[in-house]
Amino acid sequence: MKRINILDSTLRDGSHAMSHKYTTEQMAMLAEQIDSTGVDFIEFGHGNGVGGSSIQYGFGAATDEEYMKAVRPKVKNAKLAIITLPGIGTRYDLKMAKENGITVARFATQMSECDIARQHIGMAKEMGLIPWAVLPLAKFLSVEETLRYAQISEKFGAEVIYLLDGGGSALPEEVYERIFTLQKHIDVPLGFHAHNNMQLAVANTLAAIDAGATYVDTCIKGFGAGAGNCPVEPLLLALDRKGYRTNVDMYKAMDVGDEYLKPLMPRPMELTSDQIMLGYGVYSSFILFARRAAAKFGVDTRDIIKEIGLRGCTEGQEQICIQVAYELAQKKKAAQNP
Amino acid sequence: MEKKIPVAIIGPGNIGLDLMYKILKRSKYMELKLMVGNDTSKHLPVAAAAGVPTTDRGIEGLLEHDDIKIVFDATLASAHMVHAPLLKAAGKIAVDLTPAAIGPYVCPPVNLEGYKNEPNLNLITCGGQATIPIVYALSEVTKVNYAEIVACIARDSAGPGTRDSIDEFTITTARALRVVGRAEKSKAIILLNPSKPPIMMSNTIYCLVEDPDPVKINDAVNRMVERVRQYVPGYSLKLPPTIDGNQVTTMVEIEGAGDYLPKYSGNLDIETSAALAVGEGIAEHLLKQGGNH
Numbered sequence: 000m001k002r003i004n005i006l007d008s009t010l011r012d013g014s015h016a017m018s019h020k021y022t023t024e025q026m027a028m029l030a031e032q033i034d035s036t037g038v039d040f041i042e043f044g045h046g047n048g049v050g051g052s053s054i055q056y057g058f059g060a061a062t063d064e065e066y067m068k069a070v071r072p073k074v075k076n077a078k079l080a081i082i083t084l085p086g087i088g089t090r091y092d093l094k095m096a097k098e099n100g101i102t103v104a105r106f107a108t109q110m111s112e113c114d115i116a117r118q119h120i121g122m123a124k125e126m127g128l129i130p131w132a133v134l135p136l137a138k139f140l141s142v143e144e145t146l147r148y149a150q151i152s153e154k155f156g157a158e159v160i161y162l163l164d165g166g167g168s169a170l171p172e173e174v175y176e177r178i179f180t181l182q183k184h185i186d187v188p189l190g191f192h193a194h195n196n197m198q199l200a201v202a203n204t205l206a207a208i209d210a211g212a213t214y215v216d217t218c219i220k221g222f223g224a225g226a227g228n229c230p231v232e233p234l235l236l237a238l239d240r241k242g243y244r245t246n247v248d249m250y251k252a253m254d255v256g257d258e259y260l261k262p263l264m265p266r267p268m269e270l271t272s273d274q275i276m277l278g279y280g281v282y283s284s285f286i287l288f289a290r291r292a293a294a295k296f297g298v299d300t301r302d303i304i305k306e307i308g309l310r311g312c313t314e315g316q317e318q319i320c321i322q323v324a325y326e327l328a329q330k331k332k333a334a335q336n337p
Numbered sequence: 000m001e002k003k004i005p006v007a008i009i010g011p012g013n014i015g016l017d018l019m020y021k022i023l024k025r026s027k028y029m030e031l032k033l034m035v036g037n038d039t040s041k042h043l044p045v046a047a048a049a050g051v052p053t054t055d056r057g058i059e060g061l062l063e064h065d066d067i068k069i070v071f072d073a074t075l076a077s078a079h080m081v082h083a084p085l086l087k088a089a090g091k092i093a094v095d096l097t098p099a100a101i102g103p104y105v106c107p108p109v110n111l112e113g114y115k116n117e118p119n120l121n122l123i124t125c126g127g128q129a130t131i132p133i134v135y136a137l138s139e140v141t142k143v144n145y146a147e148i149v150a151c152i153a154r155d156s157a158g159p160g161t162r163d164s165i166d167e168f169t170i171t172t173a174r175a176l177r178v179v180g181r182a183e184k185s186k187a188i189i190l191l192n193p194s195k196p197p198i199m200m201s202n203t204i205y206c207l208v209e210d211p212d213p214v215k216i217n218d219a220v221n222r223m224v225e226r227v228r229q230y231v232p233g234y235s236l237k238l239p240p241t242i243d244g245n246q247v248t249t250m251v252e253i254e255g256a257g258d259y260l261p262k263y264s265g266n267l268d269i270e271t272s273a274a275l276a277v278g279e280g281i282a283e284h285l286l287k288q289g290g291n292h
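Line order of the protein sequences matches chains A and B. Heads up: the first sequence begins at 0 in numbering that gives the first Met the number 0, then just goes up one per residue. Heads up: the second sequence begins at 0 in numbering that gives the first Met the number 0, then just goes up one per residue.
For the record, the hints were derived by calculation from the structure and aren't laboratory data. One or more hints might be untrue.
[What the hints assert, rightly or not] Calculated Cβ distances over 10 Å to all of chain A for the following chain B residues: (1) Lys-27; (2) Lys-68; (3) Arg-162; (4) Pro-193; (5) Lys-262.
[Said to hold, decoys possible] Here are some of the chain B residues that sit facing chain A, going by a computed Cβ distance under 10 Å: (6) Val-149; (7) Cys-206; (8) Asn-221; (9) Thr-248.
None of the values given here were measured: they were computed from a predicted structure. Ideal Cβ placement from N, Cα and C applies to all residues, glycine included.
Next up, chain A with everything else stripped away, as it sits in the complex (with noise of 0.2 Å):
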């Protein structure tokens, strides 16, 4: 029986639904039981990952040293995670989460920028951080593309490299048969993150344990960026069902949503008109920015969220949400004013 590796990002995409406004408090609290749950790793911290609090991104109830101080003594088993982006967490950052207890580093880029990794990741070797690369599908990339860039990114010592559908426009067998290629020539292990726009982060998360990645994200009842990320929940029925082996167990997990988890999320995962659209190949991260952008310059969220994905705009760029909806408003008052 396969084992599969579970990362809970609960606290981390977690942020993103919450604004970035977990308390310190709140983390801990949820870390302590999400741990109790069994995950092998827990990611955590503000959702555009460390170094992310920000105007662009929004900024943290807490500071990221705070988050981590807060977190690292009520964690016993699972192995802390942070994530973060070259060009916005620096190596002062990663000392600092070297310096709190962190083990695993990881390393998200746009796939076809993923040799911008390859300073962090050499850093994070030589501090003892254990660095990881994620690598954001991107609809415009061949299968045979995502493997070049996830071979690069194994040459700079990635240990465990992530597939990440960042918008949930993937389809399962796109998820499937670029894992499936991706594991015949990769020698590390491989991981996949879904996230659930189109209502596909289950299904795309088992094709990718059934193409061969041993390591997937997933949320306490999905609670993430966009319409959420993988639910653990149903993905663990799923995998007993089909005889894959975890850490977790089961119902834990679903008393962990239900008591501790359900009461502090702002709104449930459900599925919004605006969210749909970011099928179209957007950052689920965007939907927040979009909706603000819509509101200030009297647009719809759908119309930017659609134009941003033909745009080919992919991960961080949330300030194209003003940009476009500064331009959509004025092409609405020249339609106005002839």
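Following the hints, complete the assembly by docking chain B onto the known chain A.
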């Protein structure tokens, strides 16, 4: 013909060659006497073909030229660390386009005036050159408690130098926003954009300020944009200063001059344009000094 100051460029890469064409086409006070490469410089013949004398013997080949007064270093930070003391000892002024930052950070419309007698001047980063003028302009009319910039660069115009030292970009830009831009606190973010066709370099500048006055802010920013356009003609406001509470958001875009690099490489253009402006400023200063003696 008016007298010109002899100058040299080290590093015939993308940046060095773009700067070469800028000096050849536009310089009033500088004469490009030498392009310095080494035995691995593939593109040194491009300089020779443009009629510029070349050497492939690196810094040693350069130091044989006593007449050269200003040296632009477009190599790597590690190389500039070696070059800087040698240039200083030889009495040559170094304009450093690497992240080595041995000398003070210079952004032409902000602080060049004060640094014309320095032996070594550093050009920060492209993101710094693009955004610091705006932050500084705001600081003239209000207190900037926090400046955060997001530099978006087309993937094709981020070469191996940027990619292998992305952390220096983030750290140096953030520091220069405080030191040169006069922001109290700062943060810098760099994003590479793989869109096709390539996007122009676009920069978002978020500032948290005290009691923003829309009229004063608009005036200050517009005046500064005009000053930058004098040496970077493709510099333009994409989003005029937009005030939301105490937050001011401004976006600027840079279309390169297309001297050697494609037009979308505004990030490289603003760096070489700043180098040209700094070189011109110093050369003019040297000529005036010479006239007084």
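Against the structure, the hints come out as follows:
Every Cβ of chain A is farther than 10 Å from the Cβ of Lys-27/B; the closest lies at roughly 37 Å, confirming the non-interface assignment. With 10 Å as the threshold on Cβ separation, the claim that Lys-68/B sits away from chain A holds: the shortest Cβ distance comes to roughly 35 Å. Arg-162/B, annotated as away from the interface, has a beta carbon of chain A within 10 Å; the closest lies near 5 Å. A beta-carbon of chain A comes within 10 Å of the beta-carbon of Pro-193/B; the shortest separation is about 5 Å.
With a minimum CB-CB distance of about 19 Å to chain A, Lys-262/B clears the 10 Å threshold, and the non-interface call stands. Using the Cβ-Cβ criterion of 10 Å, the hint placing Val-149/B at the interface with chain A is satisfied: the shortest such distance is roughly 5 Å. Checking Cys-206/B against chain A: minimum C-beta separation of about 9 Å stays under 10 Å; hint holds. Interface restraint check for Asn-221/B: the shortest CB-CB distance to chain A comes to about 18 Å, outside 10 Å, so the restraint is violated.
Hint status for Thr-248/B relative to chain A: holds, with the closest Cβ pair at about 7 Å, below 10 Å.
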